[in-house]
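What follows is the residue order along each chain.
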Amino acid sequence: MAFFILRRIGVMALTALCLTFVVFFLTNLAPNLEKLAKTQGNARMSDAEVVSWLDRNGYGGPLVVRYGEWLGVVPGWLREDPITGEWRGRCLARGQDPAEAARFCGLLQGDLGYSTVSATEVSSIIGGRLQLTGILMFWAFAVMVPSALLVGVLAGMREGSRTDRTLSTFSIASTATPEYVSGVIFIVLLASSQIGISPLLVEWGWLEGGTLFFGSARSAMDGVTFWNFTLPVMTIALYGMGYIARMTRASMAEVMMAQYIRTARLKGVKFSNIVMKHALRNALIAPFTVIMLQFPWLLNGVVIVETLFNYKGFGWTLVQAASNNDIELLLACSIVAVFVVLVTQLMSDIGYVFLNPRIRIS
Amino acid sequence: MTTTTTAHLATHPAAEMYAREYKTGQLSRREFLVRSTALGLSAAAAYSLIGLSPAMAQRATPAKGGTLRIQMGILALKDPRTYDWSEMGNVSRGLVEYLIEYNRDGTFSGVLLEGWEANADATQYTLRLRPGVTWNNGDAFTAADVAANFAAWCDTTVEGNSMAARMGGLVDADTGQARAGGIVVVDDLTVQINLPAPDITLVPGMADYPAAIMHRDLIGTNPLDHGVGTGAYRFTDYQVGISARLERNPDHSYWGDAYLDEVVFVDLGTDPAAWFAGAEAGEFDMTYQTVGEFVDLFSAVGWDRSDVTTGATVVVRPNQLNAPYDNVEVRRAILEAVDLSVVLELGMNGQGTVGENHHVCPIHPEYAELPPMVVDKAAAQARLAAAGHADANFTLVSLDDGLTRFTCDAVAAQMRDAGMTVTREVLPGSTFWNDWLNYPFSATEWNHRELGVQILNLAYRSGVAWNETAFANAEFDSLLDQANGIQDANARREVMARLQRIMQEEAVTIVPYWRSLFRHYRPGVVNADMHPKFEINIHHLGLSA
Amino acid sequence: MEALSWSGDLGAFLNPVLMVAGLGFVAAFIANFMLTLVGLRPGEMVVNADHSLSLQRTPVDYTLMAMKYAVALFALGVLGYVIGGMILASPEQGGILGGMAARLTPVWLSLAALFAVSITFKRRLGLYGKLFDSPIGMIGFGLVMFWIFVAVFSGIIATHGPIDVISQMRNEVPGSPLPAPAEGQYAYYLLGGDNLGRDVFSRVIYGGFEVLKIAPLATLFAFMVGVTLGLPAGYYGGRLDTGITFVANLVLAFPVILLFYLLVTPEIVAAGIPNYLSMVLFVFPILFFSVLFNSRFRTDPPKRNLLVGGTVVIGGLAYLSLISNPSDPDLPMIFRLWPEVLDLFDIPGNLLIVFVSVVFVNSPTVFRIVRGIVLDIKTRDYVAAGQTRGEGPWYIMLWEILPNARGPLIVDFCLRIGYTTILLGTLGFFGLGVSPESPDWGSTINEGRRLLTIYPHPALPPALALMSLVLGLNLLADGLREESLKD
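Residue numbers (our numbering), protein chains in the order written: chain A, 1 to 362; chain B, 1 to 545; chain C, 1 to 487.
FYI, nobody ran anything at the bench for these hints, they're computed from the structure. Take these hints with a grain of salt, some might be off.
Below, in silico cross-link-like pairs of lysine to aspartate or glutamate (EDC-like), each with a Cα-Cα straight-line distance of 20 Å or less [what the hints assert, rightly or not]:
1) A:Lys38 to B:Asp304
2) C:Lys378 to C:Glu400
3) C:Lys68 to A:Asp164
Covered by chain C, per the in silico footprint, the following chain A stretches (three or more residues, Cβ under 8 Å) [stated by the list, open to error]:
4) 179-189
5) 316-329
Chain A stretches covered by chain C per the calculated footprint, using a threshold of three residues with CB under 8 Å from any CB of chain C [claimed, not checked]:
6) 7-18
7) 252-263
8) 284-294
Cβ atoms here follow ideal geometry from the backbone N, Cα and C, with glycine treated the same way.
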């Protein structure tokens with residue numbers, strides 16, 4: 001088991017290394033760097049000025065070396081400005097003596113670099129944003145997983161019954177409704193003061209102006225309430241729910257066909273007892289792996305929902321960093337994203353092994 | 001702000017001339033106010049010259065205390081000289097103040113200046129500083145501060161220093177620095193500015209958002225880094241793209257009045273729909289500006305509306321360095337094909353007045369009325385064919401926002417109506433702005449300027465930094481020089497008529513409309529009226545008692 | 001002219017029908033729910049003493065029956081709108097619904113013909129025919145075919161051009177008449193105008209064409225890439241498998257949005273990355289077909305030479321035309337070498353990058369599925385039989401294993417087209433779509449979203465269209481899976 005996990009962690013590290021290099025490569029392509037120089041410096045730079053700006057700001061060296069600097073395995077760049085005589089460098093705070101500064105400052109040293117758009121350290125940005133997204137993810141899971149399992153178990157309990165048909169169709173419909181569709185429909189129905197149900201409620205005097213739910217979740221950044229968080233959470237949960245429900249249904253249906261369940265039924269055990277005591281545990285193994293694998297998928301949903309509802313978490317940061325070519329912020333985002341994907345994969349594998357008595361990994 | 005106007009000039013010879021022009025109907029009231037207060041007259045004095053009581057929109061006095069949340073984009077701050085967005089000035093205005101302030105009604109009033117005078121031909125300005133102003137680090141605010149800032153504004157070696165262009169003749173073209181003898185410290189509270197040629201745009205220049213006054217030892221720095229300023233507020237939090245928070249600085253005695261305890265700027269992105277959703281969710285109390293359909297919508301949910309007519313516009317301009325736009329006939333064909341009233345309707349929701357394809361707005365004092373331009377789609381097509389570009393494919397680039405995007409879509413549709421092939425390209429802000437000057441055919445948003453000559457100087461003179469049309473015309477340049485030195489509105493109008501006509505004849509750009517600007521705020525917010533240059537001075541803002 | 005009502009003259013008669021059906025359904029549903037809650041069960045067959053069967057009906061059965069008839073009535077009402085709209089022809093009489101039904105006439109006719117033929121001959125049509133035994137599958141197939149026919153006939157159905165602007169029609173509500181319709185111009189905007197005065201109905205129709213132009217083709221390419229790599233990886237195993245699996249997992253570990261943001265930006269297009277990627281990805285179809293024919297007709301050299309040669313020549317020409325664009329001076333030299341004369345077609349960088357990204361994102365998943373199936377199937381006897389017969393490995397993979405894997409692959413193909421449609425919509429939603437004025441559904445939703453709270457009519461139709469297409473594909477996949485499991 002230990003060897004299995006170690007091996008997996010090794011593969012993970014290698015994957016993360018490759019992925020960050022790809023991101024690094026794509027963000028450091030010549031046109032992207034030119035764009036960076038022009039946004040940071042001056043929109044009217046000539047080509048020669050762009051080259052000199054890039055050189056002065058440490059973007060001049062070979063790609064691999066700069067990647068090494070970012071990783072922290074190559075010493076950070078250090079240059080003396082030929083005009084002002086000021087020392088500038090990757091590891092150098094403004095006005096710091098180059099002799100005092102650290103030689104290496106990269107990922108391995110815990111330094112995530114500098115966000116060019118926000119003009120602050122990446123590490124000071126990313127923590128808070130992740131926390132916000134964590135809250136959103138937590139609630140989305142809290143809504144999605146129990147309801148998906150419930151729907152799946154109910155549907156799979158009696159395969160082919162009318163309940164099964166209805167619930168299965170519902171799950172299929174939910175997987176066919178991406179976040180940007182359901183979000184749009186939710187806002188129209190529930191969060192507009194002009195149409196949908198809010199004006200009706202106001203007319204009937206059940207609501208004092210405004211809207212029932214909020215179409216913007218910005219206030220949820222300061223404090224989550226039912227009214228500002230329901231729509232984003234529901235939007236994420238709805239799309240993910242169908243898939244888990246279908247997996248649960250399939251797994252439940254399979255378990256219900258198993259010999260030991262039949263035996264129990266023939267022995268006259270009450271149906272509810274069979275479901276609760278015998279079927280459920282075995283039926284939930286497969287959905288567990290699916291739920292874990294759902295995390296990276298949720299990441300997509302989070303990006304869309306955070307953009308749609310103006311909730312400034314990790315997904316929003318990723319979009320901003322990508323569209324502004326904020327290289328080091330984007331790299332930090334991709335590290336986090338890749339980490340989430342790989343860790344959930346690992347957990348799903350380990351969890352599967354633990355839950356399933358039939359599998360043994362020596 | 002009533003105290004600021006007491007020490008202004010009582011009168012000025014040119015102002016008296018303007019007053020006569022006003023009385024004979026040659027100047028509108030607004031034009032008169034702009035021009036006479038620019039010469040150093042107080043608004044009260046200006047009004048009295050034309051026999052009116054000071055009806056200037058006197059600000060109400062709000063209650064002390066409270067928190068106000070303002071929706072506005074939060075960008076990374078930098079050296080104020082290099083500010084390129086009004087938002088930057090707004091967010092730092094609570095900390096670093098300006099010498100002069102441009103008011104909603106077109107007048108100028110002193111902030112850190114108690115008053116100023118111009119000599120008869122507008123070549124010498126005497127600035128008198130407000131006594132008793134201190135920096136929040138305890139230093140006194142003196143003439144040395146002002147002189148140091150002027151010198152810094154004139155420094156053309158600083159990348160992106162847009163104040164250099166506003167200082168005009170004060171910059172020595174050879175050294176790229178302030179002209180020797182241009183800035184004279186007369187005494188602790190008096191500074192004299194000597195210009196080689198008459199320049200009436202100096203005062204508007206000092207009131208513009210990059211002209212924030214920094215401490216004499218901290219010039220060239222980002223005010224956020226040190227927090228030293230004369231304003232009543234200090235930053236407690238600043239997160240780019242999210243929010244900025246200012247609180248009243250308890251360790252600093254401010255020279256004037258400030259009402260609010262705390263001001264929060266909230267960034268809700270660039271999508272006006274998100275602003276409206278935020279407003280419905282109660283996330284802020286006042287918009288930076290309201291656009292398009294949302295003007296009616298904000299009013300519909302019970303917010304108060306404030307509007308102002310301005311010379312702000314979106315120019316849809318070809319760049320003459322690129323084929324086929326180097327051919328004047330092609331440009332003329334494009335202008336001939338586009339019905340500006342449709343563009344106003346589609347791009348601006350009809351909220352403004354139709355433009356005339358030259359960049360001088362009817363509300364500018366020196367605007368000259370020209371015969372209307374003809375829209376003739378058939379003629380446009382024939383003209384294009386005659387120029388040999390009948391099958392040219394025009395790619396129209398725009399920013400991915402509401403206003404410029406819809407304006408360009410409307411222009412493209414008009415051109416297609418005339419049988420032209422148009423491809424649209426929409427770029428996100430980050431990509432768009434890094435090349436905005438060089439696109440062959442694109443659209444740019446231009447803000448309001450106080451005088452008609454200002455934009456012509458900034459954007460249409462040969463070779464200037466923001467000349468996005470690559471328009472270079474010797475006759476235009478010399479006429480512009482001439483206009484810059486004429487104080488008399490009528491005399492200048494004659495020159496302006498020729499400048500405007502050159503722009504039309506050379507088909508320099510499409511100027512489809514003049515925008516009305518709107519702002520909304522919750523009932524109970526005081527002094528939050530829309531400003532023609534989007535300025536927000538948090539010292540004035542407050543909540544009603 | 002007056003604005004159209006939703007239901008026109010038909011409404012007076014059909015609306016009550018629909019309303020009765022709807023209310024009846026709801027009432028029956030609630031009654032059914034309550035009855036089951038108190039423990040009543042549907043009646044069961046009882047064998048009588050005289051060996052006849054009788055059904056003991058309980059109240060639950062009656063509620064179920066009521067629901068069934070309500071649904072039937074509702075379907076009849078809808079059919080009434082469709083047929084009524086087709087017969088009445090003029091939109092003033094048919095209303096908006098009738099008008100749309102009338103415009104969609106070619107689609108209805110094709111659908112009717114297709115279903116009639118398919119159901120008649122369903123026993124002879126294999127898996128496809130079996131689809132018509134499953135109601136779910138039939139509904140899904142109907143939805144999918146509806147949009148395919150809409151795409152095919154989009155030029156006939158649409159009332160206006162996708163980017164035709166009539167400025168007075170800006171944000172007008174559904175059914176608004178044109179201010180001054182020209183001769184022969186359709187006089188109404190059936191679903192209203194968007195924020196630029198374009199016809200929402202026509203844009204949804206053309207949007208269907210845009211989506212169905214890219215999604216199935218991109219999925220097909222992803223399948224060819226996935227199959228070409230998945231077969232040997234599963235069959236040979238070992239280093240090859242480890243290597244390809246690692247790369248596939250690498251791509252899968254990338255958050256899709258980040259990947260799109262990195263790939264679909266003007267800077268990346270300018271650097272020629274889409275061309276490099278397409279250079280790699282589009283080799284696979286040629287490779288796939290060459291190996292396919294080669295392995296099959298190895299023993300018949302003339303036929304093999306003809307087929308493989310044909311594939312290489314035609315595929316190669318298409319390939320080189322696709323990846324190179326000699327007239328674009330911004331591209332790296334390598335893509336401008338191919339002579340202009342032989343460059344059959346050019347694909348705009350935007351479209352190419354969207355296409356390539358979608359293929360790139362989808363192929364690793366297909367690879368994983370194919371690999372899994374191959375690992376399973378290669379232990380079967382018929383594979384061993386082929387090996388002992390001395391067949392080459394590629395023959396076994398392509399002609400023994402692949403046909404036996406078709407069931408799950410077809411199912412996944414349907415699901416994946418739906419997923420690709422959603423992906424394309426996501427791209428449009430972030431403004432990374434094909435072109436800014438493109439009527440594709442994602443972009444239209446994104447544009448309509450801005451004014452959603454005041455004017456929902458530009459955003460809702462494309463949203464519902466996208467949803468119904470994806471739903472159709474999912475139902476179709478479900479039906480296919482169900483039927484293929486019955487084998």
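Structure-based check of all given hints:
For a cut-off of 20 Å, the pair hint linking A:Lys38 to B:Asp304 is broken: about 40 Å separates their Cα positions. Between C:Lys378 and C:Glu400, the direct Cα distance comes to roughly 9 Å. Compliance with the 20 Å bound is thereby established for this hinted pair. Between C:Lys68 and A:Asp164 the alpha-carbon distance is near 17 Å, which keeps this suggested pair within the 20 Å criterion. Restraint check on the stretch 179-189 of chain A versus chain C: 6 residues with Cβ-Cβ distances below 8 Å, three needed, restraint holds.
A stretch counts as covered by a chain when three or more of its residues have a beta carbon under 8 Å from one of that chain; for the stretch 316-329 of chain A and chain C the count is 5, and the coverage holds. Only residues whose beta carbon comes within less than 8 Å of a beta carbon in chain C count, and the stretch 7-18 of chain A has 4; three or more means the coverage holds. Only residues whose beta carbon comes within less than 8 Å of a beta carbon in chain C count, and the stretch 252-263 of chain A has 0; fewer than three means the coverage is violated. Judged by the Cβ-Cβ criterion of 8 Å, the stretch 284-294 of chain A is not covered by chain C as claimed, because only 0 of its residues qualify and three are needed.
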